[in-house]
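Could you build the full structure based on these sequences and the hints that come with them?
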Amino acid sequence: MEQKITGMIHSTESFGSADGPGVRYIVFLQGCNMRCKYCHNPDTWARTGGTEKTPEEVLSAALRYRKYWGKNGGITVSGGEALLQIAFVTELFRLAKEQGVHTTLDTSGNPFTEEQPFYGRFEKLMQYTDLFLLDIKQIDAGAHKALTGQDNSNILAMAKCLSAHRKDMWIRHVLVPGYTDSYEQLTGLKRFIDTLGTVRRVEILPYHTLGVFKWKELGLSYALDGVEPPTKEQIDRARNILGLEP
1 MEQKITGMIH
11 STESFGSADG
21 PGVRYIVFLQ
31 GCNMRCKYCH
41 NPDTWARTGG
51 TEKTPEEVLS
61 AALRYRKYWG
71 KNGGITVSGG
81 EALLQIAFVT
91 ELFRLAKEQG
101 VHTTLDTSGN
111 PFTEEQPFYG
121 RFEKLMQYTD
131 LFLLDIKQID
141 AGAHKALTGQ
151 DNSNILAMAK
161 CLSAHRKDMW
171 IRHVLVPGYT
181 DSYEQLTGLK
191 RFIDTLGTVR
201 RVEILPYHTL
211 GVFKWKELGL
221 SYALDGVEPP
231 TKEQIDRARN
241 ILGLEP
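Residue numbers (the numbering used here): 1 to 246.
In short, the hints are calculated from the structure, not lab data. One or more hints might be untrue.
[What the hints assert, rightly or not] For each label pair, taking beta carbons as the anchor points, the in silico distance ranges come out as:
hint, residue 1, residue 2, range
1, Gln116, Ser163, 15 to 25 Å
2, Asn72, Asp225, 30 to 40 Å
3, Gly226, Phe15, 15 to 25 Å
[Claimed, not checked] Calculated cross-link-like contacts (lysine-lysine; reagent style DSS-like; alpha-carbon spacing at most 27 Å):
hint, residue 1, residue 2
4, Lys190, Lys232
5, Lys190, Lys71
6, Lys167, Lys71
7, Lys71, Lys97
8, Lys97, Lys160
9, Lys124, Lys160
10, Lys160, Lys145
11, Lys167, Lys97
12, Lys4, Lys124
13, Lys190, Lys167
14, Lys216, Lys71
15, Lys145, Lys97
16, Lys214, Lys167
17, Lys4, Lys145
18, Lys97, Lys53
19, Lys124, Lys53
20, Lys124, Lys167
21, Lys97, Lys4
22, Lys145, Lys37
23, Lys190, Lys67
24, Lys37, Lys4
25, Lys97, Lys124
26, Lys124, Lys71
27, Lys160, Lys37
28, Lys145, Lys71
29, Lys145, Lys214
Heads up, the beta-carbon is just placed ideally off N, CA and C, and yes, glycines get one too.
Printed below as a string of structure tokens:
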């Protein structure tokens, strides 16, 4: 008997406008192995919790809002880290493509590996994913480990894999003053992005403190206490280094 595919859902957003093109139904999945010091959703870290749903149930809920999506909208799956539930995402996106729905995956790439069985599953996921939003937290390996608790070599390998398979992607980078905004780090990020052939957009996401209260509610110590969001001048400087329009 074939096992039913389900996913652990943290939450959903009916009218998202910041995680992919157009208006989108966003599904946030439970679970993440990274421990980013600036994470605004530490309540998604645990692999347990959330609400168990099938891909069919999630798609049915999403399609209620289809009339608002227009030509560019669709479904985005985010996290936590969506790749930890790759079977669920793949089936959801497969069903969505049968309905002609645009699919976007928002990921930090941490679970990616070119080893089996994950890589075979990832190849299948690529078939049903129109756009990847890849968060590159830090281009420097040591700084990435200090910031997130995890290595970044496999994340950069995932970006190269997407480029080799001609999969569209947006690169996203959270700008944290004193942590991800040095000239060396940003120029290194630009050099890496320039080696990729399918990057359609690069986004600077300014660091914010809107999720600090969640750390306190969970009894966690917030490592970046006192760090202020970047100023307009700091954001413009980063955009200039990355070769983006003001």
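A quick look at each hint next to the structure:
1. Gln116 / Ser163: 15 to 25 Å: 21 Å, holds
2. Asn72 / Asp225: 30 to 40 Å: Check passed, 39 Å falls within 30 to 40 Å.
3. Gly226 / Phe15: 15 to 25 Å: This hint is violated: roughly 34 Å between Cβ atoms.
4. Lys190 / Lys232: It holds: about 20 Å lies between the C-alpha atoms, which stays within 27 Å.
5. Lys190 / Lys71: With Cα atoms ~31 Å apart, lysine 190 and lysine 71 exceed 27 Å; violated.
6. Lys167 / Lys71: Distance of about 20 Å is within 27 Å: holds.
7. Lys71 / Lys97: Between lysine 71 and lysine 97 the Cα gap is close to 14 Å, so the pair holds against 27 Å.
8. Lys97 / Lys160: Holds, at about 24 Å.
9. Lys124 / Lys160: It holds: about 17 Å lies between the C-alpha atoms, which stays within 27 Å.
10. Lys160 / Lys145: 20 Å, holds
11. Lys167 / Lys97: 16 Å, holds
12. Lys4 / Lys124: 18 Å, holds
13. Lys190 / Lys167: 19 Å, holds
14. Lys216 / Lys71: Cα-Cα ~41 Å, so violated.
15. Lys145 / Lys97: 36 Å, violated
16. Lys214 / Lys167: 35 Å, violated
17. Lys4 / Lys145: 36 Å, violated
18. Lys97 / Lys53: 19 Å, holds
19. Lys124 / Lys53: Holds: lysine 124 and lysine 53 sit about 21 Å apart, inside 27 Å.
20. Lys124 / Lys167: With Cα atoms ~13 Å apart, lysine 124 and lysine 167 stay inside 27 Å; holds.
21. Lys97 / Lys4: 20 Å, holds
22. Lys145 / Lys37: Distance ~11 Å between lysine 145 and lysine 37 Cα, so the pair holds.
23. Lys190 / Lys67: Answer violated: lysine 190 to lysine 67 is near 38 Å, above 27 Å.
24. Lys37 / Lys4: Violated, at about 36 Å.
25. Lys97 / Lys124: Holds. Lysine 97 to lysine 124 sits at ~13 Å (cutoff 27 Å).
26. Lys124 / Lys71: 25 Å, holds
27. Lys160 / Lys37: Within the cut-off at roughly 26 Å; holds.
28. Lys145 / Lys71: 40 Å, violated
29. Lys145 / Lys214: Given that 27 Å is the threshold and the Cα spacing comes to 23 Å, the pair holds.
This entry does not satisfy hints 3, 5, 14, 15, 16, 17, 23, 24 and 28, going by the numbered hints stated previously.
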